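Novice: Residue numbers (the working numbering), protein chains in the order written: chain A, 2 to 116; chain B, 193 to 343.
It is possible that some hints are incorrect.
Looking from chain B toward chain A, a few residues come up when the C-beta cut is under 10 angstroms (computed) [stated by the list, open to error]:
#1 210
#2 211
#3 231
#4 239
#5 266
#6 291
#7 307
To spell it out: a stretch of chain A is covered by chain B in this simulated footprint if at least three of its residues, at any positions, have a beta carbon under 8 angstroms from a beta carbon of chain B; those stretches are [claimed, not checked]:
#8 43 to 51
#9 59 to 67
Calculated from the structure, these hints are not laboratory results.
Bear in mind that the values here come from a model prediction, so they are computed numbers and not experimental data.
Glycine included, each C-beta is placed from N, C-alpha and C at the ideal position.
These are the residues of each chain, in order.
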Amino acid sequence: MQVKYIKEDKQLIFKIDEEIDHHSSEKIRKRADYEIQVHIPKKLIFDFEHVTFMDSSGIGMLIGRYKLLSMFGGKTSIVNVNAPIKKVLEMSGVLKLIPIEEIENIGGNNLEKCI
Amino acid sequence: MKNVYENEMKLEFLSKSNNESFARITIAAFVAQLDPTIEEISDIKTAVSEAVTNCIIHGYEEKEGTVKIECKLFANSIEIEISDNGKGIENVEKARQALYTSKPELERSGMGFTIMESFMDEVKIESVLGLGTKVTMKKMIKANVEQEIKI
Ligand SMILES: Nc1ncnc2c1ncn2[C@@H]1O[C@H](COP(=O)(O)OP(=O)(O)OP(=O)(O)O)[C@@H](O)[C@H]1O
Ligand SMILES: [Mg+2]
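Make a model of the complete structure from these sequences and hints.
Specialist: As structure tokens, this is what we get:
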């Protein structure tokens with residue numbers, strides 16, 4: 002997972018670059034919770050550009066981060082979702098809490114460098 | 193004419209979470225013989241991942257055990273049986289319900305069976321407390337169904 006924090010906008014971006022299942026979501030959760038508590042962002046964006054697979058473990062992982070950030074008053078959203086993952090997200094109703102957003106060039110061009 | 197034939201395979205592995213991706217990729221590779229669409233493959237991978245994860249988290253409660261998969265290919269459909277010898281399900285009707293989970297503290301969302309049921313054409317759950325759980329899922333592979341009709 003690549004992490005970027007944009008100070009001016011208080012925006013935290015998680016670019017996940019692996020399949021999200023029970024195995025990987027534990028790791029993602031630990032890193033994400035650490036970053037959320039360090040930065041307390043106004044806005045958290047999950048960038049799914051490189052996520053090719055997600056099962057229900059991903060739903061639990063997303064809702065958990067949403068709940069944590071909600072306690073600090075922040076909002077969570079997802080970008081760059083492919084069709085099969087969208088199907089899983091729609092089925093779970095999680096999009097009511099964590100909407101899919103259309104943001105171009107998310108986090109500027111230097112996201113790649115910020116690991 | 194497409195080469196459609198019947199085939200079968202069995203797989204057994206330890207209930208470790210890093211075998212979840214192994215299981216779904218292996219089944220997807222086997223099922224590829226039927227020429228499914230990308231969407232069908234992705235539905236099958238997701239359903240397999242759900243059932244295998246359930247064996248590991250709920251069946252064995254993350255202790256060591258063996259997960260078994262049997263996969264049968266028919267001319268235009270597949271059947272996948274995923275089972276564990278774990279703790280079993282007390283109330284299958286309740287377990288099937290969307291959003292029901294016995295492990296909310298592990299951030300489970302209770303969507304596994306709902307996903308399996310909507311991504312596959314048939315899902316049968318057999319479970320005996322203390323003995324284990326077997327989930328049998330069937331799915332039509334549509335392109336092959338249409339091809340049969342044309343012939
Ligand atoms: N193999 C199994 N052995 C024992 N209990 C099971 C098994 N599979 C499912 N269950 C029970 O059925 C319930 C519902 O399963 P389901 O997959 O729908 O949700 P979940 O696993 O709790 O959450 P999610 O799949 O969304 O992460 C589980 O919470 C568990 O109590
Ligand atoms: Mg489950």
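Novice: Each hint: holds or not?
Specialist: Verification of the supplied hints:
1. 210: Holds, about 5 angstroms.
2. 211: holds, 8 angstroms
3. 231: holds, 7 angstroms
4. 239: It holds, given that the least Cβ distance between residue 239 of chain B and chain A is near 9 angstroms, below 10 angstroms.
5. 266: For residue 266 of chain B, the interface hint is violated, since the closest Cβ of chain A sits about 24 angstroms away, which is over 10 angstroms.
6. 291: holds, 8 angstroms
7. 307: holds, 6 angstroms
8. 43 to 51: violated (count 0)
9. 59 to 67: holds (count 5)
Going down the numbered hints, you'll see the structure goes against 5 and 8, while the others check out.
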